[in-house]
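K.L.:
Here are the chains, one letter per residue:
Number of protein chains: 2
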Amino acid sequence: MTATTSNIHIALVHFPVYNKIGDIVTSSVTTLDVHDISRIARTYGIGTFYVVTPLETQQVLVERMMKHWREGYGATYNPTRKEAMLSTRVKNVLADVVADITERSGQTPKIIIPDAKSFPQSRDYPTIREELQKEGQYLIVFGTGWGLEHGMVRRADFVLAPIDGLNGYNHLPVRAAIAIILDRLLARQA
Amino acid sequence: MTATTSNIHIALVHFPVYNKIGDIVTSSVTTLDVHDISRIARTYGIGTFYVVTPLETQQVLVERMMKHWREGYGATYNPTRKEAMLSTRVKNVLADVVADITERSGQTPKIIIPDAKSFPQSRDYPTIREELQKEGQYLIVFGTGWGLEHGMVRRADFVLAPIDGLNGYNHLPVRAAIAIILDRLLARQA
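Residue numbers (the working numbering), protein chains in the order written: chain A, 1 to 190; chain B, 1 to 190.
No lab work stands behind these hints, which were simulated from the structure alone.
Please read all numbers here as calculations on a predicted model, not as lab measurements.
Any given hint could turn out to be false.
[What the hints assert, rightly or not] Straight-line alpha carbon distances no greater than 25 Å define the calculated DSS-like cross-link-like pairs of lysine-lysine that follow:
#1 67/A with 82/A
#2 20/B with 67/A
#3 134/B with 110/B
#4 91/B with 67/B
#5 82/B with 20/A
#6 91/B with 20/A
#7 110/A with 91/A
#8 67/B with 82/B
#9 110/A with 82/A
#10 82/A with 20/B
#11 134/A with 20/A
#12 67/A with 91/A
This is chain A alone, in the form it adopts within the complex (with noise of 0.2 Å):
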């Protein structure tokens, strides 16, 4: 039923992510960014994006909305949106993903986070690209808020430079940073 086999992956992570103050909290779901990520998601030919989110009613708004565009009037009304959203799966935690992929390709996955701080499994853009060229599954995980919780971080396989403004301006929307990063490890070549 998924609209691609591909073996790369995308998390949107909303608990365990920073606030303004360093507080660690769950952040709501953004609707437009399920939009958003769906669409970008499927033009990269991602294989599934996951919301990741533990409160249940945020779970039960994200399902609603996706029926109406898979099942309901959307689906007649915008067969493009129906289309990006074929791929979308809500969870309750990123263990949770992580047990989904590996039930469904037999793989665990390598998982990658983009994060401004550097780590020892820090590496760049073409490093990452080439990676993914590789078989094997791997989850690209997307903080909300304020970033994600640095102990998840320090557990990624590889860590990813953020996108750097190009003159110290470094407040991208979530949605934009992802179509970004999602360009410079999967788009082809010019």
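Since the structure of chain A is provided, determine the placement of chain B on it from the hints.
P.N.:
Structure of chain B alone, referenced to chain A:
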């Protein structure tokens, strides 16, 4: 008063554009586009981001929103959004954008438009990237809806390939396409 002195500008045009069935229409301004694209423009050091619509009520809406974030409560609540919006302006039609750039810089901008069709002045990304290193003013024009009226594209100095999906799916939100295109044309090379 602008946050940068860059000679590269962008415009988001709401008229004349095509709708789903090929009529030439005025599309509605999405305030979210103004927010996202202001941040993206600021990230890549764009001179001015022009929101182009001939509808006065929509111009008032955008101006009021920008005033809130630049001077109102929003300016203290979210200073990075204020900073992003310092270089955003509203104009009636594309000719007014060209006049504004010419008046402020003393030079007529060269116009670059991404379009799915091939034109005599079509160029690839590396070529336009090199072009943008030159002196002089440049204006990259993005259409909303189902794309800019063809006559506008035909009169552009350069036409740029659109962002192609890896599998025939070409339905990126305009804000995602702008993020990717500016990254390809202006990001520091790895």
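K.L.:
Next step is simple, just say for each hint if it's right about the structure.
P.N.:
Do the hints match the structure? See the list:
1. 67/A with 82/A: Within the cut-off at roughly 9 Å; holds.
2. 20/B with 67/A: With Cα atoms ~23 Å apart, residue 20/B and residue 67/A stay inside 25 Å; holds.
3. 134/B with 110/B: holds (11 Å)
4. 91/B with 67/B: It holds: about 16 Å lies between the C-alpha atoms, which stays within 25 Å.
5. 82/B with 20/A: The given pair, whose Cα atoms are some 17 Å apart, holds under the 25 Å limit.
6. 91/B with 20/A: violated (35 Å)
7. 110/A with 91/A: Given that 25 Å is the threshold and the Cα spacing comes to 18 Å, the pair holds.
8. 67/B with 82/B: holds (9 Å)
9. 110/A with 82/A: violated (29 Å)
10. 82/A with 20/B: This hinted pair holds, its Cα atoms lying about 17 Å apart.
11. 134/A with 20/A: Violated - the C-alpha atoms of residue 20/A and residue 134/A are around 37 Å apart, more than 25 Å.
12. 67/A with 91/A: Since the Cα atoms of residue 67/A and residue 91/A sit roughly 16 Å apart, the hinted pair holds (cutoff 25 Å).
Of the numbered hints stated above, those contradicted by the structure are hints 6, 9, 11, listed in ascending order.
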